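Protein chains in written order, with the UniProt record's numbering: chain A, 1 to 341; chain B, 1 to 199.
No lab work stands behind these hints: they were computed from the structure. Since this is a predicted model, take the numbers as computed values, not measurements. Note that CB positions come from ideal geometry on N, CA and C, so glycine has one too. Misleading hints may appear alongside valid ones.
What the hints assert, rightly or not - For lysine-lysine, the following BS3-like pairs were computed, each having C-alpha atoms within a straight-line distance of at most 27 angstroms:
id : chain 1 : residue 1 : chain 2 : residue 2
1  : B       : 162       : B       : 193
2  : B       : 62        : B       : 37
3  : B       : 161       : B       : 29
4  : A       : 179       : B       : 86
5  : B       : 86        : B       : 29
6  : B       : 29        : B       : 162
7  : B       : 161       : B       : 148
8  : B       : 62        : B       : 29
9  : B       : 62        : B       : 162
10 : B       : 193       : B       : 169
11 : B       : 37        : A       : 189
12 : A       : 179       : A       : 189
13 : B       : 126       : B       : 161
14 : B       : 185       : B       : 37
15 : B       : 86        : B       : 126
16 : B       : 148       : B       : 126
17 : B       : 37        : B       : 169
18 : B       : 37        : A       : 179
19 : A       : 179       : B       : 169
20 : B       : 162       : B       : 148
21 : B       : 162       : B       : 185
22 : B       : 29        : A       : 179
23 : B       : 29        : A       : 189
24 : A       : 179       : B       : 62
25 : A       : 189       : B       : 62
26 : B       : 86        : A       : 189
27 : B       : 193       : B       : 37
Stated by the list, open to error - In silico negatives: residues of chain B with every beta carbon more than 10 angstroms from chain A:
id : residue
28 : 21
29 : 28
30 : 36
31 : 52
32 : 61
33 : 67
34 : 69
35 : 70
36 : 72
37 : 96
38 : 138
39 : 141
40 : 162
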Amino acid sequence: MALQDLCHLQEVFPDTDCSPFGTRTGYYDDGFPASSRSPLFNFFIPAAEFLQESPLQFGQVSSAFTSQDHLLSSLSWPPGLPQDSPQPVPLPFPMSHGTTTLAFLFQGGVLAAADTRSSCSGLVACPSSQKVLPIHSHLVGTTSGTSADCALWKRILARELRLYQLRHGRRLSTGGAAKLMSHMLHPFKGSELCVAATLCGWDASGPSLFYVCSDGTRLQGALFSVGSGSPYAYSILDQGVRWDLTLQEATSIAREAVYRATHRDAWSGNCVDVFHVSSAGWRRRGREDLREEYYRERDRQGGEDLREEYYRERDRRGGGGPEGGVLQREGQTRGGGPETE
Amino acid sequence: MEYLVGIQGPDFVLVAADNVAASSIIQMKHDQDKMFKLSEKILLLCVGEAGDTAQFAEYIQKNLQLYKMRNGYELSPSAAANFTRKNLADYLRSRTPYHVNLLLAGYDETDGPGLYYMDYLSSLSKAPFAAHGYGAYLTLSILDQHYKPDLTREEAVDLLKKCIEELRKRFIMNLPSFTVRLIDKEGIHDLEKLSSGAK
Numbered sequence: 001m002a003l004q005d006l007c008h009l010q011e012v013f014p015d016t017d018c019s020p021f022g023t024r025t026g027y028y029d030d031g032f033p034a035s036s037r038s039p040l041f042n043f044f045i046p047a048a049e050f051l052q053e054s055p056l057q058f059g060q061v062s063s064a065f066t067s068q069d070h071l072l073s074s075l076s077w078p079p080g081l082p083q084d085s086p087q088p089v090p091l092p093f094p095m096s097h098g099t100t101t102l103a104f105l106f107q108g109g110v111l112a113a114a115d116t117r118s119s120c121s122g123l124v125a126c127p128s129s130q131k132v133l134p135i136h137s138h139l140v141g142t143t144s145g146t147s148a149d150c151a152l153w154k155r156i157l158a159r160e161l162r163l164y165q166l167r168h169g170r171r172l173s174t175g176g177a178a179k180l181m182s183h184m185l186h187p188f189k190g191s192e193l194c195v196a197a198t199l200c201g202w203d204a205s206g207p208s209l210f211y212v213c214s215d216g217t218r219l220q221g222a223l224f225s226v227g228s229g230s231p232y233a234y235s236i237l238d239q240g241v242r243w244d245l246t247l248q249e250a251t252s253i254a255r256e257a258v259y260r261a262t263h264r265d266a267w268s269g270n271c272v273d274v275f276h277v278s279s280a281g282w283r284r285r286g287r288e289d290l291r292e293e294y295y296r297e298r299d300r301q302g303g304e305d306l307r308e309e310y311y312r313e314r315d316r317r318g319g320g321g322p323e324g325g326v327l328q329r330e331g332q333t334r335g336g337g338p339e340t341e
Numbered sequence: 001m002e003y004l005v006g007i008q009g010p011d012f013v014l015v016a017a018d019n020v021a022a023s024s025i026i027q028m029k030h031d032q033d034k035m036f037k038l039s040e041k042i043l044l045l046c047v048g049e050a051g052d053t054a055q056f057a058e059y060i061q062k063n064l065q066l067y068k069m070r071n072g073y074e075l076s077p078s079a080a081a082n083f084t085r086k087n088l089a090d091y092l093r094s095r096t097p098y099h100v101n102l103l104l105a106g107y108d109e110t111d112g113p114g115l116y117y118m119d120y121l122s123s124l125s126k127a128p129f130a131a132h133g134y135g136a137y138l139t140l141s142i143l144d145q146h147y148k149p150d151l152t153r154e155e156a157v158d159l160l161k162k163c164i165e166e167l168r169k170r171f172i173m174n175l176p177s178f179t180v181r182l183i184d185k186e187g188i189h190d191l192e193k194l195s196s197g198a199k
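In isolation and in its complexed conformation, chain B is listed as follows (with noise of 0.2 angstroms):
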């Protein structure tokens, strides 16, 4: 129902999550934003059961914020990961687990772009490129058609477009719209919203 994919570049990650909050069949929400800022390089995209996803992601976001207050700078992307995946690990078999299924995107200083997946089972993975839904079955062997570890802005932006036309022709469900961002050396920048076309 749900659809989040990242593409990882040599210096920058491109991550994309459609934009609908549904309740059975009912969209409730057109417009609904499922990346939760990390940090001024980290993006988490979250989606899974009704109330966990925004549970838990404002968990880690809490967490990672007051990290930086009280160390004075922030964690890496990978750190962020690994805690993430931590907790999910930790409630995973108490009475209580989350059921959320996340992308965590960042720039490193030092490493450079990166991006993990993650899934409920609190499995994590550095990828390259990776996608998460029913939506995944249909774009990741496009992904792995047309990737390569040096893509450029203009590429990534076009895979995803790649992605995004043939969610609208082939799936099921009608998700009009994405929001796109990007994180490189500079921070997180919004990028125009991908629209599906059928209205």
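Chain A with its partners taken away, still in its complex shape (with noise of 0.2 angstroms):
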């Protein structure tokens, strides 16, 4: 398409009538734009063509009521509403949303961390993932959510910052592009699609943070973490984040915010990736995996593996049956609680 521009091929495409949606929004629908009529986005959104209807209806069997969906939706809702959102098409498997991610403002621009889990209901599905994807040498996101939709909508941003450039000659700022990408999700607010990311990026005011979702929001913040362990990751750079930390430091609490929230979050886990964002551009930490820190940690803690002390108890306790001993083998249970006397 920048091509076309340069070349001026716009005859070759044929016209189109904008907004398969209506008033909300402007987008075309084979995603070919002439460039002399064109406004000044114009996007090719994959699979346009099957957006000639609401993504809510996108692949719907049927999206026709059954009657006791009638009586239920006309008990809770005044007369002449819009219902619910008809019933979604089932996924063919579920859909991941565990992660911990998150990214802060210092005084050396923005520091952007991510663990490297993608996990799908139970199951690790990559134990290493990258959720922290360049977008331009000096814009990188953080994603969370279903990682199929946030690889995708990367690759489209990343697209259309470069189609920006092309055509303006200057590069489009971070809030520009959190604008931008708000925007091309917000067609699909309601449907099943998950984005949760947070832009990190230096532009001509300095470094700035975004988070979008594709709920529609959008904040610009100092600090955001997102994913299932974000509360476990805010409780401790909210201890430690300020502006003036160097380099080191800030890479330091955000390597221990992952680790601790991969500690306690099920879907969080395995290794830990590190960017940093300056006036220079991106630079990657290598990644680490985390189970080496939670052996240092344990090793710190006094050491030793807890099972010598948990026989050590029960063998100073005169040992037990074997009920006892099948008991205290399971593990769990403190040494010698009563039910194994």
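Join these two chains into a complex; the hints should help.
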């Protein structure tokens, strides 16, 4: 499409009417804009041909309500109001929402960190996924929500930012990129699409951090953490993040926050990625396996395998019958609880 | 969860909104400004569903700015309120209604100050004082008891402080600070942020 602009190839592509959704959005159906009449932003949304109707209807088996639904909804809603969204298409497998990502501003720029576990209901689908994705040389985005959705929309954002840069000769600011992403995601509000990203960038006004969510939220801030592990990370970050941290201190606190979150949250784990965005661009710290950190901490706290302590306690109490032995060996109870006496 | 309040005096309107942007149990931002400047003398306070608030409020804001560019003068608060209500009503029975609750406060050269209450079902009412959110249940009776149509600016700020004190005392959510603005014939003035004291 950039080539098309430069070579004035618009005659090749057919004229189209815009806005498949009525007055609320201005997207082109087939995605090929004619640059002479085009508005500022032209979006090619993949599978745009399906978007003749609202995304809520996309792939729906049937949008007709059963009579039971009608009765229930007439009790809870005033008459005439739109009903709740129709039955969604059953997903092929349970989608993943578990992660810990965080980002904050400090004097050296923006620091972004995330774990690397992709979970799929109870299963670790991938222990080494990348949740902090570079978008361009001075912008990275952390991703949370559905991995596939995040990966796709980050690429779309990267493409649109590059096109903007080519068309207008300057780079879009971080806030502009966040607004662009928010508007691109808006037609999908109410559907199963789930993207909760923080955009961390360095633009003409310095470092900035934006949180963009597929439900439409767009917030500018100095510290964000997103994902199922975010409450655990927030509590660590709130204790130590200040503007005047050095890069080393900032990296250390980001790492610690992800580590604590991975310890407590089942859907976060494995490794931690840390990215630093400064005026020179983004730099990535090597991926670190947090299992090592867990063992190091355990050693620091007094070191031995707790099973040893356990057996010593059991022996001290004089062992027990075969029943007692079985119960103790099951492990999670404290050594020598009343039931084993 | 979110709280908006407006009090109209004889020649001014005082409005306040809380500053918390929350996502389930987490406060993501403590300094969120929920007021949108529609024109030199009109403010729109907007709360409701996550993306709808900013989207709808900015849509109204840009349309009013466009009106000024095209016609050379700004819409009056009454016209702006009716325009906003019309948009809410139009989207209400579409597939994508906006779930937002609004207060529109403005000063008109001919009509004086005005406070308009709108909710997500696109009802519109001009009111001497109004509030949105769960906090409204706790504060409307205070406003009923102490409001008088000719109250001064100081009395209005005191009344606002009473409301915030009541929220601090009885509201289950912690709303640490509130943005306060006053509109009169000179325009929009930022007043000091009110804190509820509980940190």
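Evaluation of the provided hints:
no.: 1; hint: B:162 to B:193; result: holds (15 angstroms)
no.: 2; hint: B:62 to B:37; result: holds (10 angstroms)
no.: 3; hint: B:161 to B:29; result: holds (23 angstroms)
no.: 4; hint: A:179 to B:86; result: holds (26 angstroms)
no.: 5; hint: B:86 to B:29; result: violated (31 angstroms)
no.: 6; hint: B:29 to B:162; result: holds (25 angstroms)
no.: 7; hint: B:161 to B:148; result: holds (16 angstroms)
no.: 8; hint: B:62 to B:29; result: holds (25 angstroms)
no.: 9; hint: B:62 to B:162; result: violated (35 angstroms)
no.: 10; hint: B:193 to B:169; result: holds (18 angstroms)
no.: 11; hint: B:37 to A:189; result: holds (26 angstroms)
no.: 12; hint: A:179 to A:189; result: holds (15 angstroms)
no.: 13; hint: B:126 to B:161; result: holds (23 angstroms)
no.: 14; hint: B:185 to B:37; result: holds (15 angstroms)
no.: 15; hint: B:86 to B:126; result: holds (15 angstroms)
no.: 16; hint: B:148 to B:126; result: holds (16 angstroms)
no.: 17; hint: B:37 to B:169; result: violated (31 angstroms)
no.: 18; hint: B:37 to A:179; result: holds (18 angstroms)
no.: 19; hint: A:179 to B:169; result: violated (38 angstroms)
no.: 20; hint: B:162 to B:148; result: holds (15 angstroms)
no.: 21; hint: B:162 to B:185; result: holds (26 angstroms)
no.: 22; hint: B:29 to A:179; result: holds (18 angstroms)
no.: 23; hint: B:29 to A:189; result: holds (22 angstroms)
no.: 24; hint: A:179 to B:62; result: holds (15 angstroms)
no.: 25; hint: A:189 to B:62; result: holds (22 angstroms)
no.: 26; hint: B:86 to A:189; result: holds (22 angstroms)
no.: 27; hint: B:193 to B:37; result: holds (17 angstroms)
no.: 28; hint: 21; result: violated (6 angstroms)
no.: 29; hint: 28; result: violated (6 angstroms)
no.: 30; hint: 36; result: holds (14 angstroms)
no.: 31; hint: 52; result: violated (6 angstroms)
no.: 32; hint: 61; result: holds (14 angstroms)
no.: 33; hint: 67; result: holds (17 angstroms)
no.: 34; hint: 69; result: holds (17 angstroms)
no.: 35; hint: 70; result: holds (18 angstroms)
no.: 36; hint: 72; result: holds (25 angstroms)
no.: 37; hint: 96; result: violated (6 angstroms)
no.: 38; hint: 138; result: holds (26 angstroms)
no.: 39; hint: 141; result: holds (26 angstroms)
no.: 40; hint: 162; result: holds (31 angstroms)
When the structure is compared with the earlier hints, violations turn up for hints 5, 9, 17, 19, 28, 29, 31 and 37 and for no others.
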